[in-house]
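Those protein sequence lines, which keep their order, are chains A and U. Position one of the first sequence corresponds to residue 1 (our numbering), numbered consecutively onward. Position one of the second sequence corresponds to residue 1001 (our numbering), numbered consecutively onward.
What you were told as hints is all true, and nothing was included just to trick you.
Selected chain A positions facing chain U (Cβ under 8 Å, derived; list incomplete):
#1 His33
#2 Asp94
#3 Leu96
Stretch-level coverage of chain U by chain A, calculated; a stretch enters the list once three of its residues show a Cβ under 8 Å from a Cβ in chain A:
#4 1048-1061
#5 1100-1109
With the Cβ distance kept under 7 Å, some of the chain A side facing chain U (calculated, not the full set):
#6 Ile43
#7 Met48
#8 Phe98
#9 Gly99
#10 Thr100
Hint data in this document are derived by calculation from the structure and do not stem from the laboratory. We treat Cβ as the ideally placed atom computed from N, Cα and C, and that holds for glycine.
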Amino acid sequence: KNEVEQSPQNLTAQEGEFITINCSYSVGISALHWLQQHPGGGIVSLFMLSSGKKKHGRLIATINIQEKHSSLHITASHPRDSAVYICAAGYNTDKLIFGTGTRLQVFP
Amino acid sequence: DAGITQSPRHKVTETGTPVTLRCHQTENHRYMYWYRQDPGHGLRLIHYSYGVKDTDKGEVSDGYSVSRSKTEDFLLTLESATSSQTSVYFCAIMGTSNTEAFFGQGTRLTVV
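Same shape as in the complex, but just chain A (with noise of 0.2 Å):
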């Protein structure tokens, strides 16, 4: 069975930390997704990738395809990163998989 999990559930900072979230997947992916969801709004994707790393701003992805494991890093983290972020498997099929997301709370 394809699952995603992730990890911590929840997470408290104060700005300025560098904070690491964890996505771990099942089996092989094609692709893993990061997403973004602010309190009561929509969800817009971050990051897509199958190998490597991506940067963003002060956003950071990784993923290690041997370990089946995947990272967001934020660093200098602000009061407006708090949001849920969800990762999501692409399989070699037209369906992601999803996390039950890690909700971020950075306070001043």
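With chain A's structure known, arrange chain U on it following the hints.
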């Protein structure tokens, strides 16, 4: 931003009534999806479409039907709404398998 809109954004309906949610895209993407989001669960796939008139069931399809008569529109119908269908519904689109996914703003449906 990708052109994808959902309507309505909020709806309250009574148990047993039919409800239709609409997803409209202007990206000409092949794949369209309907998900529901509930506390404690990840996004769960209800139905999806891989082309006009081509649809398939997801993991939580019971009580839902879909139609796609045009590339740009994907309709989700609750034939007879139940309280267990109270949820936030998201539509998503992808151009091809495993390309970036774009999501609508969501529809909050309450069945009373």
